[in-house]
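Engineer: Chain by chain, the residues:
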Amino acid sequence: MKKYIICFSILSFLLACNKDKIEITAADCNNEFPTYQDVKSILDDKCGTAGCHVGGSSPASFYGNYDVAVPYLNLEPNGFKNRVIEIGDMPEVNSPGQLTVDEKDLLDCWIQGGYAKE
Amino acid sequence: MKQILILSLTFFLFSSVNAQEKIFQTFKDTKVINTHSVETLKKGHMDIRISHRFGDAAGPNGGWRTFYGLETAVDVGLGVEYGLTNKTMVGIHRTKGAGPLKQNVNGLFKYRIMQQTKGKNLLGLTIAGLTSISTMKKSSSDGVLHFFDKTSHRMSYNLSVILSRKFSHRFSLQAHAGYTYRNLVSSIDKNDLVSVGFATRIQLTKAMGFIFDGNFPFSDIRNSENSYFPATGFGLEWETGGGHVFQMNFTNSKGLMETDYLPYTQSDWGKGEYRLGFTISRQFKV
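The listed protein sequences correspond, in order, to chains G and F. For the first sequence, position 48 (counting from the first letter as 1) is numbered 48 according to my numbering, and the numbering increases by one without interruption. One gets my numbering by counting positions in the second sequence from 1 and adding 1000 to each.
Since the hints were derived computationally from the structure, they do not count as laboratory data. It should be emphasised that the depicted structure is a prediction, and the values quoted were computed from it without experimental measurement. Quick reminder that beta carbons are idealized off the backbone N, C-alpha and C, glycines included.
Per the computed footprint, the stretches of chain F lying under chain G, defined by three or more beta-carbons under 8 Å from a beta-carbon of chain G, are:
#, stretch
1, 1138-1146
2, 1150-1163
3, 1185-1195
Using the sequences plus the hints, can you model the full thing?
Structural biologist: Here it is in structure tokens:
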């Protein structure tokens, strides 16, 4: 019995191995960087939804205005980029807000421009 | 002369018995905080485990607003482990998942290669293998880890080699090395990840011990500039009798499984991004 389990474990390990990568290319911003007003609707609708980043007992709030969002972004400048652009686990897959390619590119350019307010 | 002979024979026999005497309970549980301990379950023992990691206790995500993280659950695990022999155990766990891959089913295999004995084996040696499969919904847009172009992209693996020594009934120490492999990573990352770590247990009272563990991945991108930090934790462990172990800890790690916390720990103790966690373990003989 033990031998079967060991063989099965090794086989499943070897057969299911891939060495794949997803290409993450920075958005082409053409030196035009959006401001908070350009991305506000994305942050409000896709991040600041109920149960997510809307304050209360939820993690850092992105809903409302720049002054609410910027303390978290100042504290975690790479964290926002990492979660939204590089790893891409935000917005969470089961949350109501999913980013389109254009929205993701716009956020990427906002990040590249240093989270500009105006 | 006769007395010397009897004494020598007695000493030899006593030494032989000592050389075979196994050292048990280097750690009280099969896991320390985040890390597997050198321990395996006894044959025929089933362990029901419930683990929890709350949200950040302080920092921008913690404080009174989240009641110091207690109103948030970043990872939750439910699992069953079983001892096939005194050296071999298997387990299956469902975890919420704290990294990019969620809703994970984790299969565990653990084998004790060598047990510490008095006199002969100075160290205990165990290997642990883990396979994690994400069952989360596939993303509709590509360029993210959960797009799952192939089914194998849902899978990640960890192999840990654990060396331990129980120095006294009060103090145990272990060192471990890990190899984590993810089938799909972002272009700035590498599929394989090597890590090292250590763990310790200090018995404080008859029933309670202090535990500590730390895990340090070797990776070019995993540094504080990119918001990656070693997964470390400390806590207290109570053996409440009848095969029941309760553990309460503080850790900066969000994920419960090696395939989660080793590649994706991005919480910084210095910014208050640590959390309360607990594990309840209840063993039954079946």
